[in-house]
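J.: Please build the complete structure, drawing on both the sequences and the hints.
Chains as they are written, first to last, in UniProt numbering: chain E, 1 to 455; chain W, 1 to 179.
Rather than coming from a laboratory, the hints here were simulated on the basis of the structure. For every residue, glycine included, the Cβ atom is placed at its ideal position computed from N, Cα and C. Possibly wrong hints are sitting among the right ones.
Claimed, not checked - In silico contact screen, one side only, chain W against chain E (beta carbon under 7 Å); selected entries:
#: 1; residue: H44
#: 2; residue: S46
#: 3; residue: C50
#: 4; residue: R58
#: 5; residue: L63
#: 6; residue: V64
#: 7; residue: P76
#: 8; residue: H80
#: 9; residue: V123
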Amino acid sequence: MILLSHEDWKARQGRFIALWTDARHAYALYEPGELVAVELVDNAYPALTHAGAGWFQRLAYDLNGHKAIGATDTRPAIEHSRDAEGRGPWPEFKTPEIEGVHQVAVGPIHAGIIEPGHFRFSVVGEKVLKLEARLGYTHKGTLGMIRGKSPRLAARFAARVSGDATVAHSIAYARAAEVALRLEVPGRAVYLRAVMAELERLANHTSDIGAIAGDAGFAFLDSRFALARERICAASAAAFGHRLMMDVVIPGGVAGDIGTGGAVAILDALDALEAELPSLKRVFEDYASLQDRVVGTGIVPPALAAAYAAGGYAGRASGQTHDARLLPGYPPYETFALYVPVERDGDVAARIRIRLAEIPESIRLIRDMLHSLPDTPIAIAPPTGSGGGLGVAESFRGPVWYWLRIEGGVIADVFIADPSTLHWPLLEHAAATAILADFPLINKSINGSYSGVDL
Amino acid sequence: MWKTVAKHLLSRAAEARTADPAVVQSLREKVGASKLGRSLAIRHVSAGSCNACELELRATQNLVHDLTQYGLSFTPSPRHADILLVTGVSGKNMREALLQARAAMPEPALVVAVGDCAVDGGVFKGSPAICGGAGGVLPVDLMIAGCPPSPERIVLGLLALVEANGAPARAAMPRREPR
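T.: Right, here's the structure in full:
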C-alpha cells in the first residue's frame, strides 16, 4: 500500500477498480492490483473523478459516514432511510426535459425469478432516454457480519456475497486471507479451486445464454442450455458435494477432496456440452429472428468500457482484454496458456459470442487440470496471525477483489469489490441506446449482481 | 434400431416424484385444506437473497426437474398467484415491497420460505440490516431449508404443500429422461 498526499490521490491515473474507507484511511485500487491510500481528515477525503468511483463513494458514505469532498453524485447507495415498518420516501428521479417524456417504474420486485432492484426509465414512446437504477434492496450487512470473525468462519459470508459467483468470491477471499497470514496453499487445492471456478463459469455462461434467448422468445435454446447447466451442477455435486460448490473453498485450501467418481461425472458433463455446443451455436447464429433482437442492441462502446475498467464478458465484448487470471495472474493458470476472446462490437450479440467462445476454453482447462492434479494435501490450517492482504479471482463476470485486515486471528476490516459495481453504470448507458422492450435482453447480457454490490 | 429402442427403454426415468406422506400429514394439520386446487401459480419474491436460491428455483423449471408437470407454474403478477414464494433474508429495504406483494394476492394464499435465509436469516441471522427470515415479516406456511435447497428438494416441498392442501392426485404420467 502507498500512502499518497491529497494532490497525488486526486491526480492518480490508471484503471480504477474500487474505493473504500476504514477508520483512518480511504483506499483506492487500480489494475492490476495497486493499492493507494489517503488519510481521512474530519471523516472526509477528496473525491476521485474516475467514472467508476461514484458508487463506491456513495457506499462509503452510507456504510461509514465518510464524505467524498467534491463528489458530484451524492445519492444514497444502500441507505433507503426506512422506518421500523420498512416505509421510506422515494428519491427524486430526474427526467430529461423533453416534450412527451414520461417515466416507467420497474421493481424492486421483477417479473422473473431474479433479485430485487428498482429501475426508473425515462422514455419517449418506446425509446429509452435515461435509466436510473436504485439498488440497495438486498443489503444484508455482509461486511459488518464478517468483522470480528475468524478467517475460516467468515468464509461462509464470502461464499454468499453473490451466489452465482460463490466459488470466485470464496477464492478471492481465501487468497486475501492467505496473503495476510503468509500461507502457502498446497498444489492440489490450487488445482481443485481452478476446476471449480471454471465449472462455475460454464454453469453461468450456459444458463445465461439460454436465458437471453428465452427472453427473446426462443425457448429451445433456453431449455437446452438449462439442461447443460443442470448437468454441470449435478456433476459439481457429485465431485464436491454441493451443486454450486458453496463453502468448498476455504482459507488454507479446500474443505474436501474431489469425490470418488467426481472427475468422471465432470468429464461426462463436459463431453455432453461439447457435443451439443456446435449445433446450439449454429441455432444462435442462423436464426434471423434471434439475431435481429441481439445484434446492435445495448451497445457499450469500447471507450466507455475502458473508462469503467469493465471486466469479464461485459468488458471483453467491448475491446477490453483484461482478465485477472492473466493479470495480475494467479496459479495455476500460468501453466495452461489461457486464451481470452475479445471483440469490439459491444452489443448483446458480442457479449453472447464472448461467452460462447469462453465455454470451450473452460472445458479444455478443466480437462487439463483434472488430468494433472498434483498429489499433495488439500489444505493447511490458517495460523492465528495478523496482517493485511488483497486477493483476486476472475469470476464469470469479471475480477472479484477482497481486501482484508486480520488482527490476532480475527478479521478487523474487510472490503469486497464485485465487478458488478462497475457494470451497473454500463447497463444504465446501454439501456439508454435502445427501446424499453430490449431492456431485459440488455440487462441479462450484462447480468450485474444485485447482492454483490448491495453488500 | 434395437440399440435405439434399448436406449429409449433404459432412459425412461422412474415415476414422477411424490411427496413424503409424513410431511404431507404434518402440513395438513398445520396449514389445513383451502379451496385452492392442485394447479397453483407461484409469485417469487427475493427479499434479500444472494441469488443462489434463484438459480436453483429457475432450475426447478428445467427439463430434468420440470416443475410444470405437476401443475405448478411461476407467474409475474401477485394478482394471479396462489403461493408467495420468498427467498433470501427479509432485508429492511425489502420489507415494504414484500408486504405489498402479499397484500396484492387474492385470498386464500400460501406463503413458502425457500432457503436457509428465508427460513430464519441463515448465516445473516442477527445482522442489523435484516428483519430475520420471511417469518420476520409474514406468517409462513411452509419452509424449505437448504443453502440453497436443491431443485429436487424445492419440488418435493411444493408437492407436499399441494397434497396437504388440495384434492388427491390422479395417477401421474410416467416421465422420460431428456436426451
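J.: Return the numbers of the hints above that this structure violates; sort them in rising order.
T.: Failing hint: just 8.
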